[in-house]
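Just so we're aligned, residue 823 is where the sequence shown starts under my numbering, counting upward by one.
Quick caveat, the hints were computed from the structure, so don't treat them as lab data.
Don't be surprised by glycine CBs; every beta carbon is placed ideally from N, CA and C.
Check each hint, because a few of them may be wrong.
Have a look at the derived ranges for each label pair, beta carbon to beta carbon [what the hints assert, rightly or not]:
(1) Phe-905 to Asn-955: 42 to 52 Å
(2) Phe-1135 to Trp-1001: 50 to 60 Å
(3) Tyr-904 to Tyr-1027: 38 to 48 Å
(4) Lys-1046 to Phe-1108: 43 to 53 Å
(5) Phe-893 to Phe-975: 29 to 39 Å
(6) Ser-1005 to Gly-861: 37 to 47 Å
(7) Phe-893 to Gln-1043: 49 to 59 Å
(8) Phe-1076 to Asn-955: 23 to 33 Å
(9) Leu-1107 to Phe-901: 11 to 21 Å
(10) Leu-970 to Phe-905: 22 to 32 Å
(11) Leu-1009 to Thr-954: 27 to 37 Å
(12) Lys-1046 to Phe-1016: 31 to 41 Å
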Amino acid sequence: MQPCSTLSRYRFEPLHPIHLKLLAFMLASLGLMSVSGNGMVVYIFSTTKSLRTPSNLLVVNLAVSDFLMMFCMVPPMLFNSYFETWVLGPMFCEVYGMFGSLFGCTSIWTMTMISLDRYNVIVKGLSAKPMTNKKAIWWIIFVWAISLKWTVFPVFGWSRYVPEGSMTTCGGDYLNISWISRSYVILYAVMCYFLPLAIIVYAYYYIVKAVAAHEKNMREQAKKMNISSLRSQDQASSENKLAMVALMTISLWFMAWTPYLVINFVGVFGYGKDITPLSTVFATLFAKANAVYNPIVYGISHPKYRAALAKRFPRFFRHMTASSETSEVESVQSVVTSLPDQA
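Generate the whole structure from the sequences, applying the supplied hints.
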């Protein structure tokens, strides 16, 4: 097999073999955790009747996208790491880059739709139109369609996919400062980073605000009834728990995708000489890590998911009890991480 020299990042020095081995080990570990975690989410949500709700179809779609991301992306990267460069040719490089971008963008937009669904239920309340299976499926089709649209352009000449700094993976050509590449990177960032981020922040801001207002009303009712609280002290602080979960969700999303965005912008705006192979490696690791903790944020934090997991695998999850489903604080967290069941 021959190195893919025609698409080489000619400005980058080759990574040290030790760095390549460490990168391969880290991505292999992330891949194993992601495939296991997301595979478990798909299995539990698909086979547990109480979890087969329209809203949870979005959670399953997120798990499928993250599963495919690591299942399809990690093996070629490990294979190329063995040869210490990209050896699969220009055509497979384009396919690899497109699918990596597709799964990443799909995960981003799925998380965006999940936040909108929760906003619809929590903020609008009874006035909101309930999520249906048909509506959820149309949302999922929209997510995949818009993601495919923005990731297929480089294959047809609007920018291109080339080997990245490690020379073991492929991605967008952010070292090309022509306006063709620059315009694509900018518009892709708007559609697959800035717009989804704005929607997620907007949705969770009003979700936290709505829950805080509800808690305030509960405290006012308690005063009118001359009692200290309508709830226990721990339960009365549920809006704080909710705010922390929302902050964690947004922060993890921001940390996952921002490094890669910065690398792209630094490159297309003419500062490619400041980009090192290791910086691209770290940006890639942060982005891939998103597929690892999504099952935790959107799956394991759901009380019913944990109960189903404990039922299927009692030896491994003895500490998960059914009583967790009735915990007020956990139910608030469940509202953020997986919506209440809807018909």
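How the hints compare with the structure:
no. : hint                             : verdict
1   : Phe-905 to Asn-955: 42 to 52 Å   : holds (46 Å)
2   : Phe-1135 to Trp-1001: 50 to 60 Å : holds (54 Å)
3   : Tyr-904 to Tyr-1027: 38 to 48 Å  : holds (47 Å)
4   : Lys-1046 to Phe-1108: 43 to 53 Å : holds (50 Å)
5   : Phe-893 to Phe-975: 29 to 39 Å   : violated (24 Å)
6   : Ser-1005 to Gly-861: 37 to 47 Å  : holds (38 Å)
7   : Phe-893 to Gln-1043: 49 to 59 Å  : holds (51 Å)
8   : Phe-1076 to Asn-955: 23 to 33 Å  : holds (32 Å)
9   : Leu-1107 to Phe-901: 11 to 21 Å  : holds (18 Å)
10  : Leu-970 to Phe-905: 22 to 32 Å   : holds (30 Å)
11  : Leu-1009 to Thr-954: 27 to 37 Å  : holds (33 Å)
12  : Lys-1046 to Phe-1016: 31 to 41 Å : violated (45 Å)
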